[in-house]
Amino acid sequence: MKLIFEKSVPGRRCAILPACDVPKAELPAELKREVAPLLPEMSEVDVSRHYTELNQHVHGVNCGFYPLGSCTMKYNPRVDEEMASLPGFTSVHPLAPKTAVAGCEEVIETARKYLCEITGMADMTFQPAAGAHGEFTGVLLIKQYHDSRNDKNRTKIIVPDSAHGTNPATAAMCGYQVVNIPSAPDGCVDLEALKSVLGPDTAGLMLTNPNTVGIFDENILEITRLVHEAGGLCYYDGANLNAVMGVVRPGDMGFDCVHLNLHKTFATPHGGGGPGAGAVGCKAFLAPFLPHSALMEEPGHIQVRGFRGNFLVVVRALAYLLTLGREGVPEAAKNAVLNANYLMQRIKGTFTPAFDRICMHEFVLDLSEFKKATGVSALDVAKSLIDYGMHPPTMYFPLIVHEALMLEPTETESKETLDWAAEVFRALYELGYKDPAFMHAAPHNAQIGRPDEVKAARNPIVRYTKA
Amino acid sequence: MTPSFGAIVKYIPAKEEFLTAYTPYQAEMSQGVLQSIFEYQTEICELTGMDVSNASVYDGATAAAEACAMARDRKRRVTLISGAAHPDVINTVRTYCYGTNDEVKVIPVKDGKTDMEALKAMLTAEVSAVYVQQPNFYGLFEDAEAMAAPVHEAGALYILGVNPIALGIMKTPRDMGADIAVGEGQPLGLPLGYGGPYLGFMATTTKHMRKLPGRIVGETTDDKGNRAYVLSLQAREQHIRREKAGSNICSNEALCALTAGVYLAAMGPEGLKEVAEGTMAKAHYLCRELLQLPGVKLRYEGPFFHEFLLDMPKADEILAALDEKNILGGLPYEGGVLWCATEKVSKATLDEVVAIVKGVLA
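Taken in order, these protein sequences are the chains called A and B. With numbering that gives the first Met the number 0 applied, the first sequence corresponds to residues 0 to 466, in that order. With numbering that gives the first Met the number 0 applied, the second sequence corresponds to residues 0 to 361, in that order.
Just so you know, these hints were derived from the structure itself, not from any lab. Because the structure is a prediction, the values reported are computed rather than measured. Take the hints with a grain of salt, since some may be wrong.
[What the hints assert, rightly or not] Derived lysine-lysine pairs resembling DSSO-like cross-links, with alpha carbons at most 27 Å apart:
| id | chain 1 | residue 1 | chain 2 | residue 2 |
| --- | --- | --- | --- | --- |
| 1 | A | K97 | B | K313 |
| 2 | A | K23 | B | K343 |
| 3 | B | K343 | A | K97 |
| 4 | A | K23 | B | K357 |
| 5 | A | K23 | B | K296 |
Turn these sequences into a full structure, and let the hints steer you where they fit.
In structure tokens, the structure reads:
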């Protein structure tokens, strides 16, 4: 595909700007731009065709099965998009007078009420713009809490070794030392390992439940009790809430604060990487530490972003909650779990689940035996799936499973799709024994062959330059 | 209502594949997303004069905070931020620094602009970065270029927060001596949406490329030698470096960056220049007309882009009268009213505003 700059024709443009009807104002000479920016020069149809070509080289949930573990790539109803595109929401200035924004505030209040109910929290902010941003906000609540008590010796945040990379990175951004604890053989928190690191320097624990191998940690009440006993607080990473929403509440598990990935769980499509929203809920004693906007509310609070956050994502979440309702929300979670277990049972017998037990919304395959036998790696299997039009599962995560492929089918896939996916995995399992070389070279029918990532990193070309 | 000639900017990002794709980790089935990001990065580099841009961060305030974090090292733990920067930006930078236990000092404002003498006095060996907004929160153009030398002499990095529309006509941050350019990308075709989703853009020089947070798309070749795009330089990021990563960012504002890319393609260099000139012209027209009215005074003199702070009697009544006509007037701020006009408003509407204000003041 040509780059947009390679399609640009000097002097061509879209006719979309009306003429200026007031006298021109001059910029002082010393402030003037010296060289015009190299932007595309195209007619509107050129622009349309260029992006249509790009769009034809994108694989979305609307193109096919997307079992990307830990990412919850479900199909999101378009009615939620439609609600978020209502002009009454899209055209509102964040600093408009209170009387002009009452509808927007009601959306926020209503979403807050329902999501607090789902999480078992007392209050919630929608300012964080993504999951990791929510983690940052949540851990800052913990930090402010300890500071408010003048408890300055709590310098450590405990993170299991199965955690998402954002957890330790977040703790570091909040000035904490990260204590990684090993997981038990079943992928859950090792209680003895936890006890051995808890102490007067413990600020808190960051945990996902169900965890990153798709297992609900049955010791969760004991875990949160131990952390509280040591004087620390418990942070719930809501990455896997899709498995338990409306069924069990993080607040009841003993967590003090939680972030939700509204984009994963509550109906905002991923958009090729974002935007999302990382709503953060907390128990009442942490509510005074929630972030505010400097221009909208009283000063003296932390602030992690401008204004109210990614408001239009909150609109989608509310629309989703209202359409599913009290029965629909837990039903979605239960179907997500059912679909994952069904797919795991259908694949079992070929590739091996890392943990052979009932899973939650996702499960991990361990391909190390298969690789030993055939030489075909998890990467090779993932790349081979592309030829079938299936997006590969999450690869090589969590780090505690070797040759990991992590599958999360979600609740929106039919039995036919899951059966088809299982057949594809079976076919690749057999192909691995017959023709491993073919799989090493996969994909064969994709947009590109395997890219040279080392070359990209060693000799970075990160922008177009005119020849 | 004004007809939306820019409708293409709304329709393209709504295409379902763009909308529903994940982050393009699987390059073999994501070339369209990757190339759109590569093109966006190029456009941001062109606007700012920089060598490298990331694929976006959350908004202008977080872009500023991430830029300040980039500059920090063990010995330099003080960030200086202009008091004439957007209050949300100042507060967000403070919050990020609270996280890492670093100090923030606000540079005093004199006559609506960053006080250059105060800045010089504050430039100690502990200062890691200086953040200045151009044009600033009062709408005024700072003497931004003149600040670069003292900042660099003190061994600190110079971060400029810029309005992307102004960059259609304004000197680039690079030419003003900045090491890092950041800003709020909302004016590049994104709806107001009561605050978001917006778009934080970040660009820097090659020297600081490996400290830039967030995703970066790079060009390479595939196993057949064809041009291909990948998420590159991932050794900087949280999923590889965990607690040693410079930032925890994972999800970004990809679809907003795509929208900005479409907007910039639809505008082109000439169109963007016209938008910038039109914006500046409308704001200056409104300012001139309002200053004709009794008791209305400009708080700060000096060249401005599209915002200006007026001292005016009966400000509350004026804003209420405008509200009645469905016009969102200026922002009450520091006892005055901060006005703004852009290319999107017609002369007729500006004249209506002036007539309403005149009516209240009569």
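So, going through the hints one by one against the coordinates:
| no. | hint | in the structure |
| --- | --- | --- |
| 1 | A:K97 to B:K313 | holds, 19 Å |
| 2 | A:K23 to B:K343 | holds, 15 Å |
| 3 | B:K343 to A:K97 | holds, 24 Å |
| 4 | A:K23 to B:K357 | holds, 24 Å |
| 5 | A:K23 to B:K296 | holds, 22 Å |
In this structure, none of the earlier numbered hints is contradicted; all agree with it.
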